[in-house]
Amino acid sequence: MAASVAAYPAQTIINECPFANNSKHSTVNSSPTTYSAQAHGICPLSSSANQGHIDCQSVGNLHLTPADHALSAALQNLTAIDPNYRTAPLSTSFNWSQVAASLPADISGKWYIVVFRSVRRADANSRTLYDADGAAHEEAKNSGGILTYWYGRLELSDNTCLAMCVWANRDFAKQATQLPSHAIAMRLAARMYVSYTLERYWLMKEKGEDTFRIEQIYK
Numbered sequence: 002m003a004a005s006v007a008a009y010p011a012q013t014i015i016n017e018c019p020f021a022n023n024s025k026h027s028t029v030n031s032s033p034t035t036y037s038a039q040a041h042g043i044c045p046l047s048s049s050a051n052q053g054h055i056d057c058q059s060v061g062n063l064h065l066t067p068a069d070h071a072l073s074a075a076l077q078n079l080t081a082i083d084p085n086y087r088t089a090p091l092s093t094s095f096n097w098s099q100v101a102a103s104l105p106a107d108i109s110g111k112w113y114i115v116v117f118r119s120v121r122r123a124d125a126n127s128r129t130l131y132d133a134d135g136a137a138h139e140e141a142k143n144s145g146g147i148l149t150y151w152y153g154r155l156e157l158s159d160n161t162c163l164a165m166c167v168w169a170n171r172d173f174a175k176q177a178t179q180l181p182s183h184a185i186a187m188r189l190a191a192r193m194y195v196s197y198t199l200e201r202y203w204l205m206k207e208k209g210e211d212t213f214r215i216e217q218i219y220k
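Numbered per the numbering used here, the sequence shown spans residues 2 to 220.
Some hints here could point you the wrong way.
Derived SDA-like pairs (lysine to any residue); straight-line CA-CA distance at most 20 Å [unchecked claim]:
# : residue 1 : residue 2
1 : K111      : Y219
2 : K111      : A101
3 : K220      : R171
In short, the hints are calculated from the structure, not lab data. Note that the coordinates shown come from a computational prediction; the quantities given were computed from them, not determined experimentally.
Start from the sequences and build out the full structure, keeping to the hints where you can.
What follows is the structure, encoded as structure tokens:
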């Protein structure tokens, strides 16, 4: 699988997947939780911006659809099925088939996934990361468009980690990168990671089908 590897400093490599908090799995329909910096093994700089119920279904000219909400609910059951998911292909690392089969048959859509794979520096300051991510998370709550955020635990043997954001569409993701706390969190990456890669995908489902098609985006 091709991936773009950043040489620091890189100001665009973590675009579209900012902000982490202490919740492993948050969706637009999940209950709010309180941000904390206790679980320092969690991958930072990923998104949980829409944690909690969405009161409005649009932000500016961007709108959430019934299909978006249905997918968000289904993604609450997203889980890794490959122990090597941090480096394995996205399409085979998670229970996508189970999630797709749980959706109503008449649901169709095209959603946007951002995957952030990282190798954290041994001397990275976890508290600094979590403080920045917490601020970005609070700022992003009103940004809109995140259907779920999933991240794994830091693999202590090699400091690798994976975080993933599923967005209603790419425009919502791009909008989130314009927020000021996102820029602060982004700049920390140059000091906190040995390396990191950003992968983008389309997640697609046709009406009447019970499977997803996952297509990597190279530009």
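- Message: Given the hinted pair K220 and R171, is their Cα-Cα distance within 20 Å?
- Response: holds (12 Å)
- Mind checking the alpha carbons of K111 and Y219 for me, to see if they're no more than 20 Å apart? The given pair, whose Cα atoms are some 17 Å apart, holds under the 20 Å limit.
- Between K111 and A101, is the straight-line Cα distance small enough, at 20 Å or below? It holds: about 13 Å lies between the C-alpha atoms, which stays within 20 Å.
Hint violations for this structure: none, all hints satisfied.
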